[in-house]
Amino acid sequence: MDTNRENIDLFYEEFVVFSKKNPNGHMTEQYTLLAPNAELALMMAQENFMRREPVSDLWVVKRSDITAVKPEDREMLYRLDNKDYRNTKGYGYLKKKWREKEQEMFDEKEILSWAKGVGK
Amino acid sequence: MVDATYDNQVDQQKYQQFMEKIEAGGKIEADDWMPDDYRNALIKLISMHGISEIMGALPEKEWTPKAPSLHRKLGIMAKVQDEMGHGQLLLRVAEDLMAPLGKNREDIMEDLLSGRLKFHNVFHMETKTWADAGIVGWLVDGAAIITQTNMLDSSYGPYARALKRICAEEVFHAQHGEAIIMALAEGTDQQKELIQEALNRWWPALLMFFGPASANTTGSSKQDTTIKYKIRKNTNEELRQHFFTKYVPRILSLGLTIPDETIRYDEENETWIYQQPDWNEFKQIISNNGPRSKERLQLRRISHENNAWVREALGARRNISAV
Numbered sequence: 001m002d003t004n005r006e007n008i009d010l011f012y013e014e015f016v017v018f019s020k021k022n023p024n025g026h027m028t029e030q031y032t033l034l035a036p037n038a039e040l041a042l043m044m045a046q047e048n049f050m051r052r053e054p055v056s057d058l059w060v061v062k063r064s065d066i067t068a069v070k071p072e073d074r075e076m077l078y079r080l081d082n083k084d085y086r087n088t089k090g091y092g093y094l095k096k097k098w099r100e101k102e103q104e105m106f107d108e109k110e111i112l113s114w115a116k117g118v119g120k
Numbered sequence: 001m002v003d004a005t006y007d008n009q010v011d012q013q014k015y016q017q018f019m020e021k022i023e024a025g026g027k028i029e030a031d032d033w034m035p036d037d038y039r040n041a042l043i044k045l046i047s048m049h050g051i052s053e054i055m056g057a058l059p060e061k062e063w064t065p066k067a068p069s070l071h072r073k074l075g076i077m078a079k080v081q082d083e084m085g086h087g088q089l090l091l092r093v094a095e096d097l098m099a100p101l102g103k104n105r106e107d108i109m110e111d112l113l114s115g116r117l118k119f120h121n122v123f124h125m126e127t128k129t130w131a132d133a134g135i136v137g138w139l140v141d142g143a144a145i146i147t148q149t150n151m152l153d154s155s156y157g158p159y160a161r162a163l164k165r166i167c168a169e170e171v172f173h174a175q176h177g178e179a180i181i182m183a184l185a186e187g188t189d190q191q192k193e194l195i196q197e198a199l200n201r202w203w204p205a206l207l208m209f210f211g212p213a214s215a216n217t218t219g220s221s222k223q224d225t226t227i228k229y230k231i232r233k234n235t236n237e238e239l240r241q242h243f244f245t246k247y248v249p250r251i252l253s254l255g256l257t258i259p260d261e262t263i264r265y266d267e268e269n270e271t272w273i274y275q276q277p278d279w280n281e282f283k284q285i286i287s288n289n290g291p292r293s294k295e296r297l298q299l300r301r302i303s304h305e306n307n308a309w310v311r312e313a314l315g316a317r318r319n320i321s322a323v
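Those sequence lines, one after another, are chains A and B.
Residue 1 is where the first sequence starts when you use the numbering used here, and the numbers rise one by one after that.
Residue 1 is where the second sequence starts when you use the numbering used here, and the numbers rise one by one after that.
One thing to keep in mind: the hints can contain errors.
[To be verified] Think about it this way: if two alpha-carbon atoms lie no more than 20 Å apart in a straight line, the pair counts; the simulated EDC-like pairs of lysine to aspartate or glutamate are:
#1 B:K103 x A:E14
#2 B:K14 x A:E72
#3 B:K228 x B:D32
#4 A:K70 x B:D32
#5 B:K27 x A:E108
[What the hints assert, rightly or not] A short list of chain B residues far from chain A (calculated; beta carbon distances all over 12 Å):
#6 Q9
#7 R72
#8 Q81
#9 A183
#10 W309
#11 E312
Because the hints were derived from the structure by calculation, they are not lab data.
We treat Cβ as the ideally placed atom computed from N, Cα and C, and that holds for glycine.
Only chain A is shown next, with the shape it has when bound in the complex:
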């Protein structure tokens, strides 16, 4: 057995793989892998994780470059359900008001439908 491990442990750098399915998609964290540099990490990511699913872009990020919330602080991320004024939920009564004035509510569905353009 080769016991020379002076630098071998440094060969194994952890990379996190991110990919997106299509050009409109978001980068999504996939898996981690070990590689000695980013170039090889990209090749390994394609070999190991992109054999079937459609992928339109790919990132690899050194895991040591990611700053994450500490496990004990994750509890902090839970949101209390007491902020109706931040959401449309807090303004739902408007629907009835507009109906009284014989108008439809401009809800999210209606507003986003304007993306189709005007008069087309």
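Once you have looked at the hints, place chain B on chain A.
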């Protein structure tokens, strides 16, 4: 819940929160606090699973040059590639758990080569004919699907996520195996004989795959720990029974005979009665004394040693650029 191993109150409280979390269906992540026996059971289970994927590619890779058509060659190559990918994915999960113990990929490989880390009994066996390649895809992967789907809801998040991907690809593997078997089963008498012989050869190994029913058989079993910690749901024996229920009717439907005259389903007790495999042989096999153990380990050793200089050189380059 009280656990005798914690004499200090802080750890006792952490343990209690941990148990409450997993009992409510919560997921544990690599950097979360976890009991030592949870970590150790996961390391043992996942490093063994990961390395078995790597070693499992070897018996099938032997059939890549000998596959009977280009189509079959492409199919089996895709499968071998998947197995290596599964190995990479699982070893990462194990390595994150080992990191606090100061161990990495190199240690996993050295543990494998020195015999400290074991791999699944089925991958110590010979794949004698093309029908063996079919039986491996159909029934060995079938058995693996049964044990792996049982852990899809595992309390350990990274393992559950890796298994989700793996199980999706296993569906392709099972169908790849079925396609090989189906072609032989509908072929000439000689081809049918080929599958029967392969089934006879593989039957005891398939039963062994699920592990002994209790620790009494082989002296150690982690199944109680893994069930207590919601890593898996069922016992070895329950999974073996499930395998019979799912696969015995299909095996018989192809006109094959199960090489066990005693096997029958006892309706009253809803249990399959069957001949136990030789568990002493099982112990021998997983101690790297199986029919092909030495050759397969030797193949892995050659790659590991021949490529050591590349790891050393690229590691050194990182060392220099860091200065």
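query: Per the stated criterion, does the least C-beta distance between A183 (chain B) and chain A lie above 12 Å, as a non-interface residue requires?
result: holds (24 Å)
task: Would you mind confirming whether the straight-line C-alpha gap from K14 (chain B) to E72 (chain A) stays at or under 20 Å?
output: holds (11 Å)
task: Assess, step by step, whether the Cα of K228 (chain B) is no farther than 20 Å from the Cα of D32 (chain B), and give holds or violated.
output: holds (18 Å)
field: Distal placement of W309 (chain B) relative to chain A, Cβ over 12 Å
entry: Given that some Cβ of chain A is not farther than 12 Å from that of W309 (chain B), nearest at about 9 Å, it is violated.
- request: For the pair supplied as a hint, K70 (chain A) and D32 (chain B), confirm whether the alpha-carbon distance does not exceed 20 Å.
  value: holds (9 Å)
task: Take the C-alpha atoms of K103 (chain B) and E14 (chain A), compute the straight-line distance between them, and say whether it is at most 20 Å.
output: Holds. K103 (chain B) to E14 (chain A) sits at ~14 Å (cutoff 20 Å).
task: Quick one: work out the minimum CB distance from R72 (chain B) to chain A and report holds if it exceeds 12 Å, violated otherwise.
output: holds (18 Å)
Least C-beta distance between Q81 (chain B) and chain A, which was stated to exceed 12 Å: The claim breaks: Q81 (chain B) does not keep its Cβ more than 12 Å from every Cβ of chain A (closest is about 7 Å).
task: Take a quick look at Q9 (chain B) and tell me if its Cβ sits farther than 12 Å from every Cβ on chain A, holds or violated.
output: holds (17 Å)
message: Does E108 (chain A) sit within 20 Å of K27 (chain B), going by the straight-line distance between their CA atoms?
response: violated (34 Å)
Claimed clearance of chain A by E312 (chain B), with the beta carbon kept past 12 Å: Non-interface label on E312 (chain B) violated, nearest chain A Cβ at 5 Å vs cutoff 12 Å.
In summary, the numbered hints that this structure violates are 5, 8, 10 and 11.
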